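J.: Letter by letter, the chains look like this.
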Amino acid sequence: MNKEHESAYWQENIRLMLKLLCVWFVVSFGCGILLVDVLNQIQIGGYKLGFWFAQQGAMYAFVILVFYYVKRMAALDRKYNVDE
Amino acid sequence: MELQTLTYIVVGITFAIYIGIAIWARAGTTQEFYVAGGGINPIANGMATAADWMSAASFISMAGLIAYFGYGGSVFLMGWTGGYVLLAMCLAPYLRKFGKFTVPEFIGDRFYSRTARIVAVVCLIVASVTYVIGQMKGIGVAFSRFLEVDYGDGLLIGMGIVFIYAVMGGMKGITYTQIVQYCVLIFAYTIPAIFISLNLTGNPIPQLGLGSTLVGTDTYLLDRLDMVVTELGFAEYTTQARLSTVNMFVYTMSLMIGTAGLPHVIIRFFTVPKGRDARVSAGWALLFITILYTTAPAVAAMARLNLMNTIDQPQAEQNLAYAERPTWFKKWEATGLLKFEDKNGDGLIQYTADKETNEMVKVDRDIMVLANPEIAKLPNWVIALVAAGGLAAALSTAAGLLLAISSAISHDLLKGVFMPDISEKSELRASRIAMAGAIAFAGYLGFNPPDFAAGTVALAFGLAASSIFPVLMMGIFSKKVGKEGAIAGMIAGISVTLLYVFQHKGIMFVASTSFLGDLPQNWFFGIEPNAFGAIGAVVNFVVAFAVSKVSAEVPQDVQDLVEHIRIPSGAGQAQDH
Chain A
1 MNKEHESAYW
11 QENIRLMLKL
21 LCVWFVVSFG
31 CGILLVDVLN
41 QIQIGGYKLG
51 FWFAQQGAMY
61 AFVILVFYYV
71 KRMAALDRKY
81 NVDE
Chain S
85 MELQTLTYIV
95 VGITFAIYIG
105 IAIWARAGTT
115 QEFYVAGGGI
125 NPIANGMATA
135 ADWMSAASFI
145 SMAGLIAYFG
155 YGGSVFLMGW
165 TGGYVLLAMC
175 LAPYLRKFGK
185 FTVPEFIGDR
195 FYSRTARIVA
205 VVCLIVASVT
215 YVIGQMKGIG
225 VAFSRFLEVD
235 YGDGLLIGMG
245 IVFIYAVMGG
255 MKGITYTQIV
265 QYCVLIFAYT
275 IPAIFISLNL
285 TGNPIPQLGL
295 GSTLVGTDTY
305 LLDRLDMVVT
315 ELGFAEYTTQ
325 ARLSTVNMFV
335 YTMSLMIGTA
345 GLPHVIIRFF
355 TVPKGRDARV
365 SAGWALLFIT
375 ILYTTAPAVA
385 AMARLNLMNT
395 IDQPQAEQNL
405 AYAERPTWFK
415 KWEATGLLKF
425 EDKNGDGLIQ
435 YTADKETNEM
445 VKVDRDIMVL
455 ANPEIAKLPN
465 WVIALVAAGG
475 LAAALSTAAG
485 LLLAISSAIS
495 HDLLKGVFMP
505 DISEKSELRA
515 SRIAMAGAIA
525 FAGYLGFNPP
535 DFAAGTVALA
545 FGLAASSIFP
555 VLMMGIFSKK
565 VGKEGAIAGM
575 IAGISVTLLY
585 VFQHKGIMFV
595 ASTSFLGDLP
605 QNWFFGIEPN
615 AFGAIGAVVN
625 FVVAFAVSKV
635 SAEVPQDVQD
645 LVEHIRIPSG
655 AGQAQDH
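Chains as they are written, first to last, in this note's numbering: chain A, 1 to 84; chain S, 85 to 661.
Simulated from the structure, these hints should not be mistaken for laboratory data. Source: prediction; values computed, not measured. Be a bit skeptical, because a hint or two may be false.
Simulated restraints on C-beta separations [claimed, not checked]:
{"hint": "1", "chain 1": "S", "residue 1": "Gly317", "chain 2": "A", "residue 2": "Phe25", "range": "48 to 54 Å"}
{"hint": "2", "chain 1": "S", "residue 1": "Asp644", "chain 2": "A", "residue 2": "Glu12", "range": "16 to 22 Å"}
{"hint": "3", "chain 1": "A", "residue 1": "Gln43", "chain 2": "S", "residue 2": "Val501", "range": "48 to 54 Å"}
{"hint": "4", "chain 1": "A", "residue 1": "Glu12", "chain 2": "S", "residue 2": "Thr314", "range": "36 to 42 Å"}
{"hint": "5", "chain 1": "A", "residue 1": "Glu12", "chain 2": "S", "residue 2": "Ala636", "range": "14 to 20 Å"}
With a cut-off of at most 25 Å between alpha-carbon atoms, the simulated SDA-like pairs for lysine to any residue come out as follows [to be verified]:
{"hint": "6", "chain 1": "S", "residue 1": "Lys563", "chain 2": "A", "residue 2": "Gln43"}
{"hint": "7", "chain 1": "A", "residue 1": "Lys19", "chain 2": "S", "residue 2": "Val646"}
{"hint": "8", "chain 1": "A", "residue 1": "Lys19", "chain 2": "S", "residue 2": "Phe561"}
{"hint": "9", "chain 1": "S", "residue 1": "Lys423", "chain 2": "A", "residue 2": "Ala8"}
{"hint": "10", "chain 1": "S", "residue 1": "Lys563", "chain 2": "A", "residue 2": "Leu39"}
{"hint": "11", "chain 1": "S", "residue 1": "Lys427", "chain 2": "A", "residue 2": "His5"}
{"hint": "12", "chain 1": "A", "residue 1": "Lys3", "chain 2": "S", "residue 2": "Glu637"}
{"hint": "13", "chain 1": "A", "residue 1": "Lys19", "chain 2": "S", "residue 2": "Val622"}
{"hint": "14", "chain 1": "A", "residue 1": "Lys71", "chain 2": "S", "residue 2": "Thr374"}
{"hint": "15", "chain 1": "S", "residue 1": "Lys563", "chain 2": "A", "residue 2": "Ala8"}
{"hint": "16", "chain 1": "S", "residue 1": "Lys184", "chain 2": "A", "residue 2": "Lys19"}
{"hint": "17", "chain 1": "A", "residue 1": "Lys19", "chain 2": "S", "residue 2": "Lys439"}
{"hint": "18", "chain 1": "A", "residue 1": "Lys71", "chain 2": "S", "residue 2": "Glu637"}
{"hint": "19", "chain 1": "A", "residue 1": "Lys3", "chain 2": "S", "residue 2": "Ile209"}
{"hint": "20", "chain 1": "A", "residue 1": "Lys19", "chain 2": "S", "residue 2": "Lys564"}
{"hint": "21", "chain 1": "A", "residue 1": "Lys71", "chain 2": "S", "residue 2": "Ile649"}
{"hint": "22", "chain 1": "S", "residue 1": "Lys564", "chain 2": "A", "residue 2": "Leu39"}
{"hint": "23", "chain 1": "S", "residue 1": "Lys563", "chain 2": "A", "residue 2": "Arg15"}
{"hint": "24", "chain 1": "S", "residue 1": "Lys563", "chain 2": "S", "residue 2": "Leu583"}
{"hint": "25", "chain 1": "A", "residue 1": "Lys79", "chain 2": "S", "residue 2": "Val646"}
{"hint": "26", "chain 1": "S", "residue 1": "Lys439", "chain 2": "S", "residue 2": "Pro357"}
{"hint": "27", "chain 1": "A", "residue 1": "Lys71", "chain 2": "S", "residue 2": "Ile209"}
{"hint": "28", "chain 1": "S", "residue 1": "Lys423", "chain 2": "A", "residue 2": "Leu18"}
{"hint": "29", "chain 1": "S", "residue 1": "Lys563", "chain 2": "S", "residue 2": "Lys509"}
{"hint": "30", "chain 1": "A", "residue 1": "Lys79", "chain 2": "S", "residue 2": "Ile560"}
{"hint": "31", "chain 1": "A", "residue 1": "Lys3", "chain 2": "S", "residue 2": "Thr323"}
{"hint": "32", "chain 1": "A", "residue 1": "Lys19", "chain 2": "A", "residue 2": "Gln41"}
{"hint": "33", "chain 1": "S", "residue 1": "Lys509", "chain 2": "A", "residue 2": "Ile64"}
{"hint": "34", "chain 1": "A", "residue 1": "Lys19", "chain 2": "S", "residue 2": "Val233"}
{"hint": "35", "chain 1": "S", "residue 1": "Lys358", "chain 2": "A", "residue 2": "Leu39"}
{"hint": "36", "chain 1": "S", "residue 1": "Lys564", "chain 2": "A", "residue 2": "His5"}
{"hint": "37", "chain 1": "S", "residue 1": "Lys509", "chain 2": "S", "residue 2": "Ile209"}
{"hint": "38", "chain 1": "A", "residue 1": "Lys3", "chain 2": "S", "residue 2": "Phe561"}
{"hint": "39", "chain 1": "A", "residue 1": "Lys71", "chain 2": "S", "residue 2": "Ile93"}
Using N, Cα and C, we set each Cβ at its ideal position, and we do this for glycine too.
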């Protein structure tokens, strides 16, 4: 396997990772902490939205993020033929 | 059946299973002892990781903290789950690809320096030992409360159990036991939550119950709780922040990167067959953890509401009379964790935020989860189950930590530094002796807890966040950072964190030596000492990059190693070398 091939794989991996880390940051630090007062104006069922993000939503989002990453990386491994 | 008999039966059965597994899965090689032969199925590994991660603190203390801090308690929820996103994307697959046994081993090879490895070992041992003391204390408290024996006897029984299955089975035995322990603890945590949620809201799913209306009314549970606590002068439950937004931000970040840097968690990802399995495994671990962590806020809010409803009534003259207090109240009074003082002499219990009139002079936050089923008047078998769950949580974490400590001593120090020629058999014996020694040492500290026992758990996170996490990240994502940078970075990061903690909490937590005092106005940007790990990590990164700029370039073979771990193909089993 040549160097360019490996570095293209790595670049694509990094781009995916950074995108997902942005989401990670927004759902927890963004919605759960920095914007919590604004979001608390919105009420969903018995939950204030900001409170919901901090105590429920962020965690659900984390789980989805990791499984999405797993799926995308498996596809990436196949595309670049670096599967184990 | 009597609660006591039931507790003995439930706890006895679970322990018989743990020990049976240890005998069945006895480790024969160092590879089996350290990384379970690298052949654990990712879902099973995820479950074991979850049990390893969720300690007595998660099981017993966390919901109590949230019940007390309300919205401010979210830092623990987001912090202790968000770290797994970092683990899955930034660390686990690459460290697994590296294919060795321990975290210091990676740091030593990547930064081509024995010094770096030793510094990492020291960080690891300090972080793990401080953490394990807390677990030992939890084991002692849980055993003594539920088996109604002396604290010391409870601790001894617990040490004996951990000794048998951790020392014999190694990682292989621990992994299988932890899978069973996960099932026990998640069952024990969710069953009472479901019952209580049904009672209060009619919704059997606690995560939804928390956002529902109370049975027979149009009032939402959270609105009702906000109303009750504010009437009594406490801060509003759903909006009370922990000190400040900046503090909450930094605290959450510290817990996240501390989680991703804790060696006993990282080590678990060396046990799966392939790098891709490490990613999947982190996903499953997070899912299994999230089941408990999303239930916790519901448990917290409902426990707080039940406690208030039991004691305090809208009209003060209808408050609960002390003479008519329920059995759980008396039981916890006996432990000294709950205290009542009839200040106005009317025989009724008043629970308010005002120090002058509050008559519940002590409500220890740690009793919330354990007392919760009794407060809600749930059947005895549920209460017995909670006892078994709490013990499973404490034992599984203690075993995982002890394995991380023993492998650091026998593999990194003994084989890596002092006796490179040691045979596999001797190394295995050494690691068992190291683990037995660690149990005895932690047990001793459990008997004579130093006055800093509580503070050190936070320090364990701070240390991992400020030392181990940054060098692992730089080791994988940068080819520019060399040994000088890594060593300087680790030392700088740890020192800054320790200095900040010590200047406010006292040197080695002896309060009289804290030269700046533990006062919020002296805190750097209002950041509490427990939350300072993230700042230490920033210092670590900055110092490491700055030093690397002026020191020698990273050798070619190490640059090749970094490229090698970035690509999944060509990984072998976790191998001996």
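J.: Confirm or reject each hint.
T.: Going down the list of hints, with the structure as the test:
no. : hint                           : result
1   : S:Gly317 / A:Phe25: 48 to 54 Å : violated (36 Å)
2   : S:Asp644 / A:Glu12: 16 to 22 Å : holds (21 Å)
3   : A:Gln43 / S:Val501: 48 to 54 Å : violated (60 Å)
4   : A:Glu12 / S:Thr314: 36 to 42 Å : violated (52 Å)
5   : A:Glu12 / S:Ala636: 14 to 20 Å : violated (32 Å)
6   : S:Lys563 / A:Gln43             : violated (48 Å)
7   : A:Lys19 / S:Val646             : holds (23 Å)
8   : A:Lys19 / S:Phe561             : holds (16 Å)
9   : S:Lys423 / A:Ala8              : violated (65 Å)
10  : S:Lys563 / A:Leu39             : violated (42 Å)
11  : S:Lys427 / A:His5              : violated (77 Å)
12  : A:Lys3 / S:Glu637              : holds (20 Å)
13  : A:Lys19 / S:Val622             : holds (22 Å)
14  : A:Lys71 / S:Thr374             : holds (20 Å)
15  : S:Lys563 / A:Ala8              : holds (17 Å)
16  : S:Lys184 / A:Lys19             : violated (30 Å)
17  : A:Lys19 / S:Lys439             : violated (49 Å)
18  : A:Lys71 / S:Glu637             : violated (37 Å)
19  : A:Lys3 / S:Ile209              : violated (39 Å)
20  : A:Lys19 / S:Lys564             : holds (24 Å)
21  : A:Lys71 / S:Ile649             : holds (20 Å)
22  : S:Lys564 / A:Leu39             : violated (42 Å)
23  : S:Lys563 / A:Arg15             : holds (18 Å)
24  : S:Lys563 / S:Leu583            : violated (30 Å)
25  : A:Lys79 / S:Val646             : holds (22 Å)
26  : S:Lys439 / S:Pro357            : violated (58 Å)
27  : A:Lys71 / S:Ile209             : violated (36 Å)
28  : S:Lys423 / A:Leu18             : violated (51 Å)
29  : S:Lys563 / S:Lys509            : violated (37 Å)
30  : A:Lys79 / S:Ile560             : holds (22 Å)
31  : A:Lys3 / S:Thr323              : violated (53 Å)
32  : A:Lys19 / A:Gln41              : violated (28 Å)
33  : S:Lys509 / A:Ile64             : violated (44 Å)
34  : A:Lys19 / S:Val233             : violated (54 Å)
35  : S:Lys358 / A:Leu39             : violated (42 Å)
36  : S:Lys564 / A:His5              : holds (21 Å)
37  : S:Lys509 / S:Ile209            : holds (23 Å)
38  : A:Lys3 / S:Phe561              : holds (17 Å)
39  : A:Lys71 / S:Ile93              : violated (44 Å)
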